[in-house]
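*Asks:* The primary structure of each chain is shown beneath.
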Amino acid sequence: MSDCRHLDEVIAYAFHQLSPAQESVLKAHLATCSACQIKLNEIMETVDLLGLTAPAVAAPDGLRDKVIRKIAEHADQTKAKRFRVAPAWAVAAAAVAIALGSYAVLRVEGLQKLIAGFIQKESAEQSVTLQGVDNPASARAVFAREDGGVRITLEAQGLVPLLPGEAYQLWLIADGKRINGGVFVVDAAGKGGMSTWLPGEVPFNALGVTREPDAFGEQPRGPKVMGSTT
Amino acid sequence: MDDAEIMKRLARGDTRAIGNLYDQYGRQVYALAHRMLNDSAAAEDVTQDCFVKVWQQAGRFDPERGRLITWILHIAYNTTIDLIRTRKRMQPSRFNELPDEIDFTADTAGETETAILAQQVRGALFRLSADQRQALEMAYWSAMSQQEIATALAIPLGTVKSRVRLALDSLRQLLLTPRRKEVDRHVRLPSS
Chain A
1 MSDCRHLDEV IAYAFHQLSP AQESVLKAHL ATCSACQIKL NEIMETVDLL
51 GLTAPAVAAP DGLRDKVIRK IAEHADQTKA KRFRVAPAWA VAAAAVAIAL
101 GSYAVLRVEG LQKLIAGFIQ KESAEQSVTL QGVDNPASAR AVFAREDGGV
151 RITLEAQGLV PLLPGEAYQL WLIADGKRIN GGVFVVDAAG KGGMSTWLPG
201 EVPFNALGVT REPDAFGEQP RGPKVMGSTT
Chain B
1001 MDDAEIMKRL ARGDTRAIGN LYDQYGRQVY ALAHRMLNDS AAAEDVTQDC
1051 FVKVWQQAGR FDPERGRLIT WILHIAYNTT IDLIRTRKRM QPSRFNELPD
1101 EIDFTADTAG ETETAILAQQ VRGALFRLSA DQRQALEMAY WSAMSQQEIA
1151 TALAIPLGTV KSRVRLALDS LRQLLLTPRR KEVDRHVRLP SS
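If you read the sequences in order, they're chains A and B. Counting in this note's numbering, the first sequence runs from 1 upward without gaps. Counting in this note's numbering, the second sequence runs from 1001 upward without gaps.
The reader is advised that the hints may include incorrect statements.
Straight-line distance between alpha carbons at most 27 Å, and here's what the computed DSS-like set of lysine-lysine pairs gives [unchecked claim]:
id, chain 1, residue 1, chain 2, residue 2
1, A, K224, B, K1161
2, A, K177, B, K1053
3, B, K1008, A, K70
4, A, K191, B, K1161
5, A, K70, A, K224
6, A, K177, A, K224
7, A, K66, B, K1008
8, A, K191, A, K70
9, A, K27, B, K1161
10, B, K1053, B, K1008
11, A, K191, A, K224
12, A, K70, B, K1053
13, A, K66, A, K224
14, B, K1008, A, K27
15, B, K1053, A, K66
Honestly, the hints are just simulated from the structure, not real lab data.
Generate coordinates for the entire structure from the input sequences, incorporating the hints supplied.
*Replies:* Here it is in structure tokens:
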């Protein structure tokens, strides 16, 4: 496959040398140019190796402890976001279609039965089906109680392959708030999945998946691509 | 504990495994950030932020798609670039050649393998022409735009683009072709 005339911009993108406006233009091109997608992956494989050549310098004493403490703080913040399910609230919320800015929830009325069942059942597993928003994608999310929390496993298909750096992200919507349910990527056929564990109770009255510019957001920033159905 | 086990534990939310990960790769992360920022305190901040992101995204790492060290350094590089942009502090590029030897004392088997890989990359860099190596290093380490590099080197923008493009092609040939992967296996340390 020959190189596209946008190769130099692809290289500049790999080195973070483009302006935000230029990045937007290039991303739009990458979505349609498989030659540039392949080239970008090749370039990133090489570029990522350059970090190994940094001259060695001793890390400061105590940095290891700081890293561990910082992660412990983040872990505590995650655990602090606990909700308790109120069946009456969940059923009422499930009957309402909620528009949340750029993140619209679709067809949640069928969830009331599912949520009630999730609360009442003592066995661990419940599953939720998601459908694409103006696209043929679909997914199944399974929730299973595990070690005092909830294991969420998602399998998706029919999604558009991502640009380098992007990620799909699952959101649990509860009482107008979005809870990060995990990120995942897909293969060239649009199939992908993830498995994540959240502590404590994990209430929700809707699920959604957005396409994010990176995997580090704690609130949706990209367009919604899938939403939960019955 | 090997990389796969560490990442599995992190993906399950076991924060205790982060200490093991830091022991394997913390120095490289700090060294990368320090190289770009020339600021110990800022490099510490980047190192902490990088490992938080690694912990948060542990479930995303796919060993089939590449080495853990390059995945972590990719996160570290992006985190450092974000800090540079946030602080709007463009460090002057370092025109210095890389030292002939990396003073790297490996304390773990993981660090030893990484040191070997680093030497392979350095060796490949030194097989580039001086012009190509300079353009590539400035593009990666200095966070300068292509035009800024052209101005700094007093050469046309097209020449910068050409040198970087050729350098990347050559490096890929030297490091990532099947022939080189065979060399990788030959020098890989036996597992203990």
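*Asks:* Now look at each hint and say whether the structure bears it out.
*Replies:* Hints, verified against the model:
A threshold of 27 Å between alpha carbons decides the hint, and for K224(A) with K1161(B) the separation of about 37 Å lies outside it, so the pair is violated. Taken as a hint, the K177(A) and K1053(B) pair is honoured in the structure, with Cα atoms around 22 Å apart against an allowance of 27 Å. For the hint linking K1008(B) to K70(A), the alpha-carbon distance of about 20 Å falls within 27 Å, and the restraint holds. Under the criterion of a C-alpha separation no larger than 27 Å, the hint pairing K191(A) with K1161(B) is inconsistent with the structure, at around 36 Å.
With a CA separation close to 31 Å, the supplied pair K70(A) and K224(A) exceeds the 27 Å bound. Restraint check for K177(A) and K224(A): the C-alpha separation of about 15 Å stays at or below 27 Å, so the hint holds. The straight-line distance between the Cα atoms of K66(A) and K1008(B) is roughly 22 Å, inside the 27 Å bound, and the hint therefore holds. For the proposed pair K191(A) and K70(A), the alpha carbon gap of about 34 Å is over 27 Å, so the pair is violated.
Only pairs whose Cα atoms come within 27 Å are accepted, and K27(A) paired with K1161(B) is accepted, the gap being roughly 20 Å. For the hint pairing K1053(B) with K1008(B), the CA-to-CA distance comes to about 15 Å; that is within 27 Å, so the pair holds. At roughly 17 Å between alpha-carbon atoms, K191(A) and K224(A) fall within 27 Å of each other, so this suggested pair holds. At most 27 Å may separate the alpha-carbon atoms for a hinted pair to count; K70(A) and K1053(B) meet this at roughly 11 Å.
Distance restraint check for K66(A) and K224(A): the Cα-Cα separation of roughly 36 Å exceeds the 27 Å cut-off, and the hinted pair is therefore not satisfied. A C-alpha spacing of about 32 Å is found between K1008(B) and K27(A), which places the hinted pair above 27 Å, so the restraint is violated. Between K1053(B) and K66(A), the direct Cα distance comes to roughly 15 Å. Compliance with the 27 Å bound is thereby established for this hinted pair.
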